[in-house]
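Kindly generate the complete structure, drawing on both the sequences and the hints.
Position in the sequence shown counted from 1, then plus 575, gives you this note's numbering.
Rather than coming from a laboratory, the hints here were simulated on the basis of the structure.
Since this is a predicted model, take the numbers as computed values, not measurements.
Fair warning: there could be bad hints in the mix.
Quick list of the computed label-pair ranges, beta carbon to beta carbon [stated by the list, open to error]:
1) A819 - G679: 44 to 50 Å
2) R737 - A621: 34 to 40 Å
3) N711 - F611: 36 to 42 Å
4) A807 - Q729: 20 to 26 Å
5) R626 - G776: 45 to 51 Å
6) L769 - S740: 39 to 45 Å
Think of the CB as a built atom: it goes at the ideal place given N, C-alpha and C, for glycine as much as any other residue.
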Amino acid sequence: MEVPGPGYDGPAGGQQGRAATPTVGKAMLNKYARAFFTRVLTPFAAFLLRRGVSPDAVTLLGTAGVMAGALVFFPRGEFFWGTIVITSFVFSDLVDGNMARQAGISSRWGAFLDSTLDRVADGAIFGGFALWYAGNGDDNVLCAVSIFCLASGQVVSYTKARGESIGLPVAVNGLIERAERLVISLVAAGLAGLHKFGVPGIQILLPIALWIVAVGSLITLVQRVVTVRREAAEADAAAAGEAAS
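Laid out in structure tokens, this is it:
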């Protein structure tokens, strides 16, 4: 629901709805994409509100759907159908915020719930990849890469939340945020799943995407840590100057 909260990781929509100091390219993409989906989803959001459905219920249902798609289909190598299921529920992250705006409901609880469940959904997606490679996918390296993507995504979000909680602006987004992690991994997974429909060689896209997300997440983590260190030093110096004056 539209109250900004600490730890928001990129322009992925939802009830908290903000991104700090985005790059120009990301800001423009986010602006036009959000405007398009707002127009498309507003009637559906209004319909749900008329039926007495709450934004929080949509958030919970969307997360449950993403988890089901990731943990039921991905460990079996059904990447195409898993991606279809996940994508259909990912849009709930835009619907709940739209509903909150229409209803005029703003709450810190909604922002907290949305942000927390985003982390759960992300963990399920990369956990599903890890389970596949630990099992029938039979690739310990890619299993480890998937686990790294899972962990680094959580830590990238935590660095922003922790920095903001100690009063720092954390004025950087980084190379790969939540939106980029999801788009890269899910598009690659969906295309890789076409291998089961007879498309040759396309399954290589998923390993490539996982490596891209892993490296990009590491770079983003370093960017945020460096930014927090600089901002903390500046804040400490300013506080020391005020105390001495």
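These are the hints, each one checked on the structure:
In this structure, A819 and G679 meet the distance hint of 44 to 50 Å, their C-beta atoms being roughly 48 Å apart. The supplied range of 34 to 40 Å is met by R737 and A621, whose beta-carbon atoms lie about 37 Å from each other. The hinted range of 36 to 42 Å is satisfied by N711 and F611, whose Cβ atoms lie roughly 38 Å apart. Separation of A807 from Q729 is about 22 Å and conforms to the stated range, judged on CB atoms against 20 to 26 Å.
For R626 paired with G776, a C-beta distance near 46 Å keeps the hint of 45 to 51 Å intact. Checked against the hint of 39 to 45 Å, the C-beta distance between L769 and S740 comes to roughly 43 Å, which is consistent with it.
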